[in-house]
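Asker: Now for the letters of each chain:
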Amino acid sequence: DSGVTQTPKHLITATGQRVTLRCSPRSGDLSVYWYQQSLDQGLQFLIQYYNGEERAKGNILERFSAQQFPDLHSELNLSSLELGDSALYFCASSVDRIGSPLHFGNGTRLTVT
Amino acid sequence: AQKVTQAQTEISVVEKEDVTLDCVYETRDTTYYLFWYKQPPSGELVFLIRRNSFDEQNEISGRYSWNFQKSTSSFNFTITASQVVDSAVYFCALSALRDDKIIFGKGTRLHILP
Numbered sequence: 001d002s003g004v005t006q007t008p009k010h011l012i013t014a015t016g017q018r019v020t021l022r023c024s025p026r027s028g029d030l031s032v033y034w035y036q037q038s039l040d041q042g043l044q045f046l047i048q049y050y051n052g053e054e055r056a057k058g059n060i061l062e063r064f065s066a067q068q069f070p071d072l073h074s075e076l077n078l079s080s081l082e083l084g085d086s087a088l089y090f091c092a093s094s095v096d097r098i099g100s101p102l103h104f105g106n107g108t109r110l111t112v113t
Numbered sequence: 001a002q003k004v005t006q007a008q009t010e011i012s013v014v015e016k017e018d019v020t021l022d023c024v025y026e027t028r029d030t031t032y033y034l035f036w037y038k039q040p041p042s043g044e045l046v047f048l049i050r051r052n053s054f055d056e057q058n059e060i061s062g063r064y065s066w067n068f069q070k071s072t073s074s075f076n077f078t079i080t081a082s083q084v085v086d087s088a089v090y091f092c093a094l095s096a097l098r099d100d101k102i103i104f105g106k107g108t109r110l111h112i113l114p
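As given, the protein sequences belong to chains A and B, one line each in that order.
Residue numbers for the first sequence follow my numbering, so the first one is 1 and each next one is one higher.
Residue numbers for the second sequence follow my numbering, so the first one is 1 and each next one is one higher.
Derived from the structure by calculation, the hints contain no laboratory data.
Hints are supplied without guarantee of correctness; some may be wrong.
To give a feel for the contact side, a few chain A residues facing chain B, derived at Cβ under 8 Å [what the hints assert, rightly or not]:
| hint | residue |
| --- | --- |
| 1 | Q48 |
| 2 | G52 |
| 3 | L83 |
| 4 | A87 |
| 5 | F90 |
| 6 | G99 |
| 7 | H103 |
| 8 | N106 |
Quick reminder that beta carbons are idealized off the backbone N, C-alpha and C, glycines included.
Just need the whole structure built from these sequences, with the hints factored in.
Answerer: This is the structure in structure tokens:
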């Protein structure tokens, strides 16, 4: 058990809808990362927060947004969903901003129909 | 820009054979960190090792060993006497000091055949 909790585990929704994925980092970790893993694809970096502040952005679509709250949990909001957004979304946390290993949650499997 | 290349998309070996997974990275930073992660069929991502750019010593952990060579920008992973339980997708990743991102390669899917 990595100590990172992601909810929900599975999400099935229709095109055009909006969903929120939630992540609770390991106790003591200040950094939260979001990654997208599509079928047969690697891990695409979306965004990173450190202690509530956005630190880095990857190839995150404008329809996607995220935030980290004062209690350090994070939410990833996906709106105007398209079929191509179907993927496994991972949250990971680490102690520091850089250099520390990431500890991953079990992911949220999003299916857009 | 940072980049991680895992040229081997898929590898199959027979149990007990040794196998090496290649990882080549690009970064302009002199201070950076390299990682390997394992994703077994169950889907979770498991941290295996971290190396910083100033430590080129090879590391061995049981049947696993890692060869870091700055001269060739490579951080290769070898499994000795492979076992079926080693079947997984393995990801190499890079984090540079001046960039908060951790960039992953596309992964190598390893099949260990009984």
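Asker: Determine for every hint whether it applies to the structure shown.
Answerer: Structure-based check of each hint:
1. The criterion of a C-beta within 8 Å of any C-beta in chain B is met by A/Q48, whose closest approach is roughly 5 Å, and the hint holds.
2. Taken as an interface hint, A/G52 does not check out: its beta carbon lies about 14 Å from the nearest beta carbon of chain B, beyond 8 Å.
3. For A/L83, the shortest C-beta to C-beta distance to chain B is roughly 21 Å, which exceeds 8 Å, and the interface hint is violated.
4. With 8 Å as the threshold, the beta carbon of A/A87 stays out of range of chain B, its nearest partner Cβ sitting at about 12 Å, so the hint is violated.
5. Among the interface hints, the one on A/F90 holds; its C-beta lies about 7 Å from the nearest C-beta in chain B, closer than the 8 Å criterion.
6. Checking A/G99 against chain B: minimum C-beta separation of about 5 Å stays under 8 Å; hint holds.
7. At its closest, the beta carbon of A/H103 sits 7 Å from a beta carbon of chain B; the interface hint therefore holds under the 8 Å criterion.
8. Interface restraint check: A/N106 against chain B, minimum CB-CB distance 6 Å, threshold 8 Å, status holds.
Hint check: violations occur at hints 2, 3 and 4; the rest are consistent with the structure.
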